[in-house]
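Enquirer: Sequence:
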Amino acid sequence: MVVDAASTAWMMVATCLVMLMTPGLAFFYGGLVKETSVLTMLTQNFVSMGVASIIWFAFGFSMCFAESWGFIGNPWTHFGFRNLSVREALPGQVIPSELFAAYQGMFAIITPALMTGTFTDRLRFKPYLIFLCLWLVIVYFPWCHWIWGGGWLAQWGVVDFAGGIVVHVTAGFSALASLSIVGHREIPEDEKHIHETPHNIPFVALGTALLWFGWFGFNGGSAAAASGVAIGAAVNSQIAASVALFLWLVIEWLRFGRPSLVGLCVGAIAGFATITPAAGYVQPWGAFVLGIVATFFCYACTELIKHLGLDDALDVWGVHGMGGFIGAILLGALADPSACAEKATAPDFCINPGSITASFAQTGKQTAAVLLCAAYSVVATLIILKAISMFMPLKPRSLHVDLHEHHEKAYHSPIRAYVASDLAAKLQEPADAESGGDSSASESA
Numbered sequence: 001m002v003v004d005a006a007s008t009a010w011m012m013v014a015t016c017l018v019m020l021m022t023p024g025l026a027f028f029y030g031g032l033v034k035e036t037s038v039l040t041m042l043t044q045n046f047v048s049m050g051v052a053s054i055i056w057f058a059f060g061f062s063m064c065f066a067e068s069w070g071f072i073g074n075p076w077t078h079f080g081f082r083n084l085s086v087r088e089a090l091p092g093q094v095i096p097s098e099l100f101a102a103y104q105g106m107f108a109i110i111t112p113a114l115m116t117g118t119f120t121d122r123l124r125f126k127p128y129l130i131f132l133c134l135w136l137v138i139v140y141f142p143w144c145h146w147i148w149g150g151g152w153l154a155q156w157g158v159v160d161f162a163g164g165i166v167v168h169v170t171a172g173f174s175a176l177a178s179l180s181i182v183g184h185r186e187i188p189e190d191e192k193h194i195h196e197t198p199h200n201i202p203f204v205a206l207g208t209a210l211l212w213f214g215w216f217g218f219n220g221g222s223a224a225a226a227s228g229v230a231i232g233a234a235v236n237s238q239i240a241a242s243v244a245l246f247l248w249l250v251i252e253w254l255r256f257g258r259p260s261l262v263g264l265c266v267g268a269i270a271g272f273a274t275i276t277p278a279a280g281y282v283q284p285w286g287a288f289v290l291g292i293v294a295t296f297f298c299y300a301c302t303e304l305i306k307h308l309g310l311d312d313a314l315d316v317w318g319v320h321g322m323g324g325f326i327g328a329i330l331l332g333a334l335a336d337p338s339a340c341a342e343k344a345t346a347p348d349f350c351i352n353p354g355s356i357t358a359s360f361a362q363t364g365k366q367t368a369a370v371l372l373c374a375a376y377s378v379v380a381t382l383i384i385l386k387a388i389s390m391f392m393p394l395k396p397r398s399l400h401v402d403l404h405e406h407h408e409k410a411y412h413s414p415i416r417a418y419v420a421s422d423l424a425a426k427l428q429e430p431a432d433a434e435s436g437g438d439s440s441a442s443e444s445a
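Going by UniProt numbering, the first residue of the sequence shown is number 1, and it counts up by one from there.
Do not take every clue at face value.
[Said to hold, decoys possible] The calculated lysine to any residue pairs, modelled on SDA-like cross-linking and capped at a C-alpha distance of 25 Å, are:
(1) Lys126 with Thr8
(2) Lys409 with Pro202
(3) Lys386 with Arg255
(4) Lys306 with Ile181
(5) Lys126 with Pro353
(6) Lys306 with Gln155
(7) Lys365 with Trp69
(8) Lys395 with Gly50
(9) Lys365 with Met49
(10) Lys365 with Pro337
(11) Lys343 with Leu371
(12) Lys386 with Val289
(13) Lys192 with Phe57
(14) Lys409 with Phe100
(15) Lys386 with Pro202
(16) Lys386 with Thr8
(17) Lys126 with Leu399
(18) Lys192 with Arg255
(19) Lys343 with Ile194
(20) Lys126 with Pro202
(21) Lys306 with Lys409
(22) Lys306 with Val182
(23) Lys395 with Trp253
(24) Lys343 with Ile138
(25) Lys192 with Leu210
(26) Lys126 with Gly228
(27) Lys409 with Phe391
(28) Lys126 with Trp69
(29) Lys395 with Leu206
(30) Lys409 with Met390
(31) Lys306 with Ala375
(32) Lys395 with Thr8
(33) Lys395 with Trp69
(34) Lys409 with Arg255
(35) Lys192 with Gly364
(36) Lys306 with Ile194
(37) Lys365 with Ala375
[What the hints assert, rightly or not] The calculated label-pair distances, taken between Cβ atoms and stated as ranges, are:
(38) Asp348 with Trp76: 27 to 33 Å
(39) Pro91 with Glu191: 28 to 34 Å
(40) Pro347 with Glu186: 36 to 42 Å
No wet-lab data here; the hints were simulated from the structure.
What you are looking at is a predicted structure, and each value in this text was computed from that prediction instead of being measured.
Beta carbons are placed, not taken as given, at the ideal position from N, Cα and C, and that holds for glycine.
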């Protein structure tokens, strides 16, 4: 296929934008946790950039986008990026096939990282690495293939523009399932305020800014071309996030008597998660509606899970999982009207002429796919974590996870010396037991 130079340039930029979102997520989550867990959060997010990329290069892309074996794509077709080119496009595309693989790889990086917000203080680094690898192969790759890789759901007519199902529902409901395995954080009563208060709100704002910036590549780049669809997706993303940001701020202002920067940031992320599956299919008014829905629906979900007594520390399920859930369903009702069904005769106002249009049938297909994805993600995650727990402990021995897991601490100023010498001595023995007598824990402390 002929490669379009403008689209290639745009998709190279979009790839970089999506890559930037994982460090943005790390800062967003890192600011929300306490001081003694921030390095663990950053490490779990950053390591996905390496591990997921290796798996994606080796066989992940092929399992998602090669010819179908039914359940999954042929892992050998593009093993090690073989049969890809920097000059030739895949059928139906206008960008080099290797660039398309690189762009899609950024989604494979950030999707498992989304779950780290639920793992706060409750998952050691070694089992996390194993979980990351298994989850990609068992959960992410099949759903990516079924919807984006021309699999059976795509053939049935299910759509997901930029990852409401493939990214947010898989990660969000997997995070929800993990709570039954990793359980609650065992927080002493007198320390609860420390664990439930963000330790660095400027980090949260910085992470939100990086995610916001990157989301233009996440959604706009999912058009895979420099086109009107990319423009529509980017504009819709801005609208939905802005509406959700403001309404979330208003809700917390009315509820608590003050505007909250953290609430403002969380609202923006909820808006982005909700518009993501629909960004390239709905008109701006639809994005405005989805911004409103994102606010009230996701806010209610974050409150519901607290009332149920589940410790989803950073609201991964309520914001990402349920945002993608409702956005993927409502795109069937809010997509372009039937007048946009034929590309050649479609009016100028159509966002994505010749693709899907709003209908009860499309909404039904979207709902069925979302429910199936949620159930699949829950069951698969339970099996993966349970299997890992049979061979190694999942939870760290201390809530001071940075020191216990990485023998590091984020802040060394005497004013912020939160780890006392008796705590370091207490952690020395379990650290040595795993590292063969390494004394670096005491030196770090």
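Enquirer: With reference to the structure, classify each hint as holding or not holding.
Expert: Comparing the hints with the structure gives:
1. With a C-alpha separation of about 38 Å, the suggested pair Lys126 and Thr8 falls outside the 25 Å cut-off, and the hint is violated.
2. Distance check on the hinted pair: Lys409 and Pro202 sit about 19 Å apart at the alpha-carbon level, within 25 Å; holds.
3. For the hint pairing Lys386 with Arg255, the CA-to-CA distance comes to about 40 Å; that exceeds 25 Å, so the pair is violated.
4. For the hint linking Lys306 to Ile181, the alpha-carbon distance of about 17 Å falls within 25 Å, and the restraint holds.
5. Between Lys126 and Pro353 the CA atoms are separated by roughly 47 Å; this puts the pair beyond 25 Å, and the hint is violated.
6. For the hint linking Lys306 to Gln155, the alpha-carbon distance of about 39 Å lies beyond 25 Å, and the restraint is violated.
7. Between the alpha carbons of Lys365 and Trp69 the distance comes to roughly 23 Å, so the proposed pair stays at or under 25 Å and holds.
8. Proposed proximity of Lys395 and Gly50 is supported: the alpha carbons are some 23 Å apart, at most 25 Å.
9. This hinted pair does not check out: Lys365 and Met49 have alpha carbons roughly 33 Å apart, beyond 25 Å.
10. In summary, the hint linking Lys365 to Pro337 is supported, as the alpha carbons are separated by about 17 Å, within the 25 Å threshold.
11. Of the supplied pair hints, the one linking Lys343 and Leu371 is violated, its CA atoms being roughly 31 Å apart against a limit of 25 Å.
12. Only pairs whose Cα atoms come within 25 Å are accepted, and Lys386 paired with Val289 is rejected, the gap being roughly 40 Å.
13. For the given pair, Lys192 sits about 43 Å from Phe57 by alpha-carbon distance, which is inconsistent with the 25 Å threshold.
14. The straight-line distance between the Cα atoms of Lys409 and Phe100 is roughly 39 Å, outside the 25 Å bound, and the hint therefore fails.
15. A distance of roughly 36 Å separates the Cα atoms of Lys386 and Pro202; the hinted pair therefore is violated under the 25 Å criterion.
16. Taking the CA atoms of Lys386 and Thr8, the gap is near 43 Å; set against the 25 Å cutoff, the hint is violated.
17. Note on Lys126 and Leu399: the hinted pairing holds, with a Cα-Cα distance of about 16 Å set against a maximum of 25 Å.
18. Straight-line distance between C-alpha atoms of Lys192 and Arg255 comes to about 22 Å, which keeps the hinted pair within the 25 Å bound.
19. In summary, the hint linking Lys343 to Ile194 is not supported, as the alpha carbons are separated by about 56 Å, beyond the 25 Å threshold.
20. With a CA separation close to 29 Å, the supplied pair Lys126 and Pro202 exceeds the 25 Å bound.
21. Taken as a hint, the Lys306 and Lys409 pair is broken in the structure, with Cα atoms around 30 Å apart against an allowance of 25 Å.
22. At roughly 16 Å between alpha-carbon atoms, Lys306 and Val182 fall within 25 Å of each other, so this suggested pair holds.
23. A C-alpha spacing of about 36 Å is found between Lys395 and Trp253, which places the hinted pair above 25 Å, so the restraint is violated.
24. A C-alpha spacing of about 37 Å is found between Lys343 and Ile138, which places the hinted pair above 25 Å, so the restraint is violated.
25. Simply put, Lys192 and Leu210 have alpha-carbon atoms about 29 Å apart, too far for the 25 Å limit, and the pair is violated.
26. With a CA separation close to 45 Å, the supplied pair Lys126 and Gly228 exceeds the 25 Å bound.
27. Taking the CA atoms of Lys409 and Phe391, the gap is about 28 Å. The hint is violated against a cut of 25 Å.
28. Of the pairs offered as hints, the one joining Lys126 and Trp69 is violated, with about 32 Å between alpha carbons and a cut-off of 25 Å exceeded.
29. At most 25 Å may separate the alpha-carbon atoms for a hinted pair to count; Lys395 and Leu206 exceed this at roughly 29 Å.
30. Straight-line distance between C-alpha atoms of Lys409 and Met390 comes to about 30 Å, which puts the hinted pair past the 25 Å bound.
31. Restraint check for Lys306 and Ala375: the C-alpha separation of about 21 Å stays at or below 25 Å, so the hint holds.
32. Of the supplied pair hints, the one linking Lys395 and Thr8 is violated, its CA atoms being roughly 45 Å apart against a limit of 25 Å.
33. Note on Lys395 and Trp69: the hinted pairing is violated, with a Cα-Cα distance of about 37 Å set against a maximum of 25 Å.
34. About 36 Å separates the Cα atoms of Lys409 and Arg255, which puts this hinted pair outside 25 Å; it is violated.
35. Taking the CA atoms of Lys192 and Gly364, the gap is about 43 Å. The hint is violated against a cut of 25 Å.
36. A distance of roughly 18 Å separates the Cα atoms of Lys306 and Ile194; the hinted pair therefore holds under the 25 Å criterion.
37. This hinted pair checks out: Lys365 and Ala375 have alpha carbons roughly 16 Å apart, not beyond 25 Å.
38. At about 45 Å, the CB distance of Asp348 to Trp76 disagrees with the hint of 27 to 33 Å.
39. Remark: the range hint 28 to 34 Å for Pro91 to Glu191 is contradicted by a beta-carbon distance near 57 Å.
40. At roughly 59 Å, the beta-carbon separation of Pro347 and Glu186 lies outside the given 36 to 42 Å, and the hint is violated.
In summary, the structure is inconsistent with hints 1, 3, 5, 6, 9, 11, 12, 13, 14, 15, 16, 19, 20, 21, 23, 24, 25, 26, 27, 28, 29, 30, 32, 33, 34, 35, 38, 39 and 40 from the numbered list given earlier, while agreeing with the others.
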